[in-house]
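Trainee: Chain residues, written in single-letter form:
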Amino acid sequence: MSWHNIGSLNDLVKNSGVCALVNEQQIAVFFIPDTPNEVYAIGNYDPIGKANVLSRGIVGSQGEKLVVASPLYKQHFCLDTGECLQDTAMSVPSYSTKIEQGCVFIHSQPNLVTSVA
Amino acid sequence: MKASQKILVIGNGMVGHHFVEQMRQSDPQAEITVLCGEANLAYDRVYLSSFFDGKTVDDLALTTLENYNSLNINVHTKQWVENINRQEKLVITKEGNEYGYDKLVLATGSYPFVPPIPGNDQAHCLVYRTIEDLEQIHSSAQSSTVGVVIGGGLLGLEAANALKQIGLHTHVVEFAPQLMAVQLDEQGGTLLRNKIEKLGVSVHTAKATTEIVAGETLRYRLNFSDDTFLETDIVLFSAGIRPYDQLGKVADLTLGERGGIVINDQCQTSDESIYAIGECALWDKKLFGLVAPGYNMARVAASHLIGGDLSFSGADMSTKLKLLGVEVGSIGDAHARSEQCKELIYQDPIRDCYKKIVLNESGSKLLGAVLVGDTSDYDTLLQYMLNDMDLPENPECLILPSTGEAPALAGNALPDTATICSCHNVSKGDIVSAIDAGACDLGDVKTCTKAASGCGGCAALLKSVVDSELESRGVEVNNHVCEHFAFSRQELMHLVKVDSIKTFDELLSKHGQGKGCELCKPAIASILASTWNEFVLDTPHVGLQDTNDTFLANMQKDGSYSVVPRVPAGEITPEGLIVIGQIAKDFNLYCKITGGQRIDLFGARLEQLPVIWKRLIDAGFETGHAYGKSLRTVKSCVGSTWCRYGVQDSVGQAIAIENRYKGLRTPHKFKLAVSGCTRECAEAQSKDIGIIATENGWNLYVCGNGGMRPRHADLFATDIDTQTLITYIDRVLMFYAKTADKLQRTSVWMENLEGGLDYLKSVVIDDSLGICAELDAQMNLIVDTYECEWKKTIESPEAVKRFRQFVNSPEEDTNILFVQERNQIRPATESEKKAHKHGDENRIPVVEINQEKSNVLA
Ligand code: SRM
Ligand SMILES: Cc1cc2nc3c(=O)[nH]c(=O)nc-3n(C[C@H](O)[C@H](O)[C@H](O)COP(=O)(O)OP(=O)(O)OC[C@H]3O[C@@H](n4cnc5c(N)ncnc54)[C@H](O)[C@@H]3O)c2cc1C
Ligand code: SF4
Ligand code: FES
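From first to last, the protein sequence lines stand for chains A and B.
Going by numbering that gives the first Met the number 0, the letters in the first sequence line up with residues 0 to 116, in that order.
Going by numbering that gives the first Met the number 0, the letters in the second sequence line up with residues 0 to 857, in that order.
Same shape as in the complex, but just chain A (with noise of 0.2 Å):
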């Protein structure tokens, strides 16, 4: 149970987001192609802004690092980690994610946060 089918993946937006909702938790999906996991998942929940707008950013990369700026204050967020980029005190839940016959799964449980030195 612990993959979730959010829809097919024409559903998502090519280089955007979606709110998906998984066990009651508002979950970013960003389809972005031509990257290794094309399709990337962190908490909706913007925790500077305190609304759920992270999925309404808009993507890109900084260095190597794919990210989402939050449409409130532009703060970015790692689309792997979930790492705010600004204050890492500040970051939020990733979730894996993985396409299956044109269908997109997001886990419900977040990934281990990875401890950032």
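Since the hints were made in silico from the structure, they are not lab data.
Predicted model, so just to flag it, every value in this text is computed and none were measured.
Ideal Cβ positions, reconstructed from N, Cα and C, are used throughout, including at glycine.
Partial list, derived from the structure: chain B residues whose beta carbon lies under 10 Å from chain A:
#  : residue
1  : Gln512
2  : Lys514
3  : Gly515
4  : Cys516
5  : Glu517
6  : Lys520
7  : Pro521
8  : Val541
9  : Asp545
10 : Asn547
11 : Lys800
12 : Ser808
13 : Asp812
Guided by the hints, dock chain B with the ligands onto chain A, whose structure is given.
Mentor: Showing chain B with the ligands alone in chain A's frame:
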């Protein structure tokens, strides 16, 4: 090796201390001894009054014993020197201690002059010069309610401020007919007086105190020569300062007729082994009661002692300060005493300020100025005078309230020799070299040049110089849009045009790197839109937009959105108002009239946006682009149709213009306004494009701005007909869209446009670049291809799909909660949300939002 010289310094005030530092720096071997008359080592006398704001003795200290020890300087406090034996080269203190010297430096400063009024020596008759004086004032104030300052000069008013701050009812008594007679003219003095009285300080001018006797209701009574009197508990003398030249007298050095130890350009007294610096020194028959010239003398003396060739050549005595909260400035020949000079005066009874400039006969140079109530022009004026720069043709623009025409004398207009910080003698050239050597912000520059660390008066000018220097370099190295594109916005625009690029991905793969970011994506989306005008929510563009553009609405702090239909020129029918009202009611939206003459509906959830917009569009409304970097509103006054003064139909014109430019995307948002006559009720001169009706047509203004840094628009053309008006606006806007940097409003664009207004006129009116045909064609394309983005969106099921909170569920965002306030909703605060979660519904009147199931369009 030359034997180290034995230098003895008398006085450890600001200047004496500066000398010690300079001397140690230029001669690490010298044997330096300091005799400090006060109990405290050097402290910041200039900021003495901040003692009453809570600053401590330590805060004011300029040095410490440890610091002097580490510099290998011998210092003795409370050593008052009474005599100098020039033959033996030694000095004798009050206690009888003797100190020898090779070179003696007198830095004894000055003392407050106490007029010989009978009764002036009583316990609560005080002066204002040292920390000890302030401590006495403080303790005396404990048993007092009223204080009088005798002397309405600069220091007297500062002292009055201090008394007021301690909580005393304060009076100022001045012998002359006006305040600050040295620095201000009569009118300036009068205005200053009025302002100070408004602040609750009583001012008595033309009053000569004849005696101080016991009072009847308060401690003392001052009797005046006109048989009036004033009662008080404290008397504070601030009737001028006198140089401490007593040592010069006993040592038989040459003194000035009215005091002061005479020095030459090297700061030597009549005995070449003895120097005098600071306020005790008299140079060219002048005493200098400011710290900057004293510091300069200290540098000169230190230089001369090691064989250097600095010399003292006088100092400018201009001052700018805030007295009792009133800004006052005095520059050069404030009293207009120069021969054949002319005065230009601006007096503003509304903003309550007075400004005068004194010009030479031909009006080409500035000789002096008086500013009361507003010293914002001080730095510019001072630089004109000090650098003997030619004034603009209409010098009045330097003091008139900004009409947009005053050439800003920014840092970059000054010559390298211009002195920026007179306290530390830092020129613009010094700042430039500091930046060349790697200083990369204001803080760095301050640290390595010391600029602005003295009186602080130069802080604003310093910032302007540093900013313009950094900018001039910064822009060169750093106008790249971001790490993904090594191009400026303008260069990207060219690339898009030249290569006919239509998508972000194409541009990125050809000219960029990485995946883009929130800086380059919206900028490029705007370039693509103003070049090709394709629908912004088409698949290739949708991920480029800021969330506001993606969802065609403005995100609010809680993740909900606002809805702003276009109301061209603010003209709206009753039916229109009713529709908006009904929709707001049905969806329970908060309503507010905006500053842009239209109605903003707040609190819409993402999934409600298409439904709300469908209803608005069915009723004939269009998107207001409140979210886009595009036209906001064309504000309008009611104009000639109704208004008895109107000379043209401003509403009709504003509607036509709003409809023309409503689809245009630009580097930043832009705003227009049309006023029906010169009364300017639409505030057109604060807009990117402003239009004011005249008897003969329209006056066009460009590049104004409200907001964070207001700028008055520049007059671009007068009395033009509607056709010409539209042509000019088309071209100005298109030229702006093509050449401005990302997120640059027209005002900043204009300020950075080489050649400025004249250049823009030549491009737009005379077609000097030969691009007008292209600008016109481009604008016509945009106007012809306009479509309401919301109309297109609700017609496209693909686009509507985006307006769902969750891809996999019809639920709503439970974190968006409203409470009722003043009969409308507002977002719940964090604590209200918490209480709501804990089921405490009774206390938290959370509003039910679910009026209508939302995703009906999806
Ligand atoms: C709604 C409104 C305030 C109001 O309740 O009256 C408003 C609201 C916002 N303004 Fe404004 N401004 C509003 C009129 C103004 C005005 C007055 C005017 O237009 O006459 C100004 C000064 C005039 C000017 O721009 O020159 C103004 C200067 C700004 C600025 C500063 C721009 C500048 O150049 O300094 C910003 C920030 C920015 O754009 O970067 C800003 C940004 C904003 C934003 C977009 C901030 C944001 O990102 O959330 C607000 C969006 C609220 C929303 O959801 O709709 N707003 N804002 C006004 C909408 C007018 C309209 O009908 O479209
Ligand atoms: C309240 C106030 C505000 C001011 N605001 C400003 C301002 O905004 N801008 C500005 O430029 N200037 C201002 N000034 C003036 C500025 O403080 C002086 O120009 C500066 O302090 C002069 O320094 P100095 O070393 O020559 O004299 P001082 O700082 O007076 O130092 C002289 C020292 O020598 C000592 N001394 C004198 N005789 C002997 C002796 N025989 N033996 C031993 N020691 C002796 C004195 O006790 C004193 O400590 C202000 C002054 C005051 C009081
Ligand atoms: S002034 Fe500030 S708070 Fe007010 S609407 Fe504009 S941006 Fe928002
Ligand atoms: S002019 Fe006084 S600190 Fe610069």
